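S.K.: Next come the chains, spelled out residue by residue.
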Amino acid sequence: MIDKKDVEYAAGLAQLKLDEEEKEKYTEQIGEILNYVDKLSELDTDDVVPTAYTVPMKNVLREDQVKESLLREKSLANAPDEKDGHFRAPKIMSD
Amino acid sequence: MNIYDLTIHELKEKIAAGELTPAEIKKAYADRINEVEDRVKSYVTVTDELAEQDLAEYENKKEALLAGIPIAVKDNMSTDGIKTSCGSKMLENYNPPYNATVVEKLNAAGAVIMGKTNMDEFAMGSSTENSAFFDTHNPWNLNHAPGGSSGGSAAAVAAGECAAALGSDTGGSIRQPASYCGVVGLKPTYGMVSRYGLVAFASSLDQIGPITKDVEDSAILMNVIAGHDPKDSTSIAGQKEDYTKYLKEDVSGMKIGIPEEYFNLEFDEEVKASVLAAVEKLKEAGAEVETVHMTDASYALAAYYVIAPAEASSNLARYDGVRYGLRSEQAADVSEMFTNTRHEGFGDEVKRRIMIGTYALSSGYYDAYYLKAQKVRTLIKDDFDRIFNDFDLIITPTAPSTAIELGSKSDPLEMYHTDIFTVPINIAGVPAMSVPCGFDSSEMPIGLQLIGPHFGEGKIIQAAYTLEKLLNINEKRAEL
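So the sequence lines, in the order shown, correspond to chains A and B.
For the record, in the first sequence the residue sitting at position 18 is 18 according to full-length UniProt numbering, with numbers rising by one throughout.
For the record, in the second sequence the residue sitting at position 80 is 80 according to full-length UniProt numbering, with numbers rising by one throughout.
Hints in this document: simulated from the structure, not taken from any laboratory.
No experiment lies behind these values; they were computed from the predicted model shown.
Here a beta-carbon is modelled for each residue, glycine too, at the ideal position from N, C-alpha and C.
It cannot be assumed that every hint is accurate.
Restricting the straight-line Cα-Cα distance to at most 16 Å, the calculated cross-link-like pairs of lysine to aspartate or glutamate (EDC-like) are [what the hints assert, rightly or not]:
id: 1; chain 1: A; residue 1: Lys17; chain 2: B; residue 2: Glu349
id: 2; chain 1: A; residue 1: Lys5; chain 2: A; residue 2: Glu28
id: 3; chain 1: B; residue 1: Lys231; chain 2: A; residue 2: Glu68
id: 4; chain 1: A; residue 1: Lys17; chain 2: B; residue 2: Asp333
Distance windows between CB atoms, simulated [claimed, not checked]:
id: 5; chain 1: A; residue 1: Glu32; chain 2: B; residue 2: Asp268; range: 19 to 25 Å
id: 6; chain 1: A; residue 1: Ser41; chain 2: B; residue 2: Gln53; range: 53 to 59 Å
id: 7; chain 1: A; residue 1: Asp46; chain 2: B; residue 2: Asp5; range: 54 to 60 Å
id: 8; chain 1: A; residue 1: Asp81; chain 2: B; residue 2: Thr21; range: 43 to 49 Å
id: 9; chain 1: A; residue 1: Arg72; chain 2: B; residue 2: Glu52; range: 29 to 35 Å
id: 10; chain 1: A; residue 1: Lys25; chain 2: B; residue 2: Glu261; range: 29 to 35 Å
id: 11; chain 1: B; residue 1: Glu266; chain 2: A; residue 2: Glu20; range: 33 to 39 Å
id: 12; chain 1: A; residue 1: Phe87; chain 2: B; residue 2: Glu35; range: 39 to 45 Å
id: 13; chain 1: B; residue 1: Asn264; chain 2: A; residue 2: Glu20; range: 41 to 47 Å
id: 14; chain 1: A; residue 1: Phe87; chain 2: B; residue 2: His228; range: 29 to 35 Å
id: 15; chain 1: A; residue 1: Glu32; chain 2: B; residue 2: Arg386; range: 29 to 35 Å
id: 16; chain 1: A; residue 1: Asp46; chain 2: B; residue 2: Gly364; range: 16 to 22 Å
id: 17; chain 1: B; residue 1: Leu480; chain 2: A; residue 2: Phe87; range: 44 to 50 Å
id: 18; chain 1: A; residue 1: Phe87; chain 2: B; residue 2: Asp268; range: 50 to 56 Å
The whole structure should be built from the sequences, with the hints applied where relevant.
M.R.: Now the structure itself:
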């Protein structure tokens, strides 16, 4: 059964910040959902090959050709912050 | 009948006969939006300027399939320079730098794009109540939900705020709202319609499809949007066909399976009676109907709630406040910027699913959850394949009830169960359509689901078209 620590762990991996109230709530709700999901174990899948995509497809390849692409200005138009034609983010290393 | 009640094919006939001009049609729909939108709230953005531009193009495109026809697009399909919010605060101010392939196809077909429709945030939900902005109301009863996640598209069609719309369907998000709103919704075979420019939720399940006033319109819209796209490597080459050739009133000899395990689930008796009565009509018209046995749908629902959140947790990792979308103002360093951005930008259900998915993919749990679900997916797909060896179609209800009341379901798991009949179809990747089959005692529409084998859209359209003629309820409209 999932506990608060698991929820904190998953939230950390997913870069989500939760307050105490959310941690309690999600622990209970996600617990119930995973409890429902556990019914999968009732099915014998020992010799079953997993399916990722349901239509038959192999690796899709194409020629490596130069084609038109988005203009830099257009690509940057939605950036919360940009400088000199680049996306700008807050500092990554501490001083 | 009012202009806004007409179907695509009726509008096309009237344009061809010189009875209506595209400008008159556009005005009728724009007026209808002004008249009912404050009650229905289908649209996140009404794109009147774009509609006028599309209209101005009419003379150059008048031979095209949708020339002058007002169409709405779900707000998770990218529109160049026009807000594509995905129902989320994260993308509230996002203007994509390009068009989704389906939008390009609508443009090429001469469609007049009326607006972007409301939806559950990132398409996660079954009532459109997870929209970060507002609730959409069911045109048949404004206290009820339109279904979801394509609730805005289904409500817009039912309310006459567009002639037809595009939705997307990951676990029922086209079919369930179509059922709730008394319109026709088709989820094509996985890979039939390009997903390029569709904001990704669960990539192995997502599929775009038409929401229309009748079956003929569904075939017309499929002719516009289906087909291989080099920009989507999961789209299928060489399967596109003319879907309008299946608009035939003929089900004689068609073999239809009725899965006992689906009808034995606990659900609304009026829905069950209505669906079975419609099946009886098909039988009288010459279809061969037999009971079949399939894996309990609850296993597909369980697999779905591992696979969809797992893929979502990966797809939604891109919302980090760097390249586009929201960025939190409160951040001392990049790590804090990530967590604060995602805290402020994502709603409750999205966070819940990201955490389920992250947990299911995390070290130590991958085999028990994700791999197990992918194996169960094989069993479910094989189960459908087995039935389709002997049968042309399977019929089930689309949803276990008619439209739920707004605010009536707060428990996530309870809400998930409203998708019990639709989720297995996405898991198997097969096509399915919801078509109206009657009304309950509160005059709310009931939907019947026709499921076909991979690339079996044609047979679905033919049976649905026949059923529509037999039932003769397709001209009934919600009164607003």
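S.K.: Would you pick out the hints that fail for this structure and give their numbers low to high?
M.R.: Violated hints: none; all satisfied.
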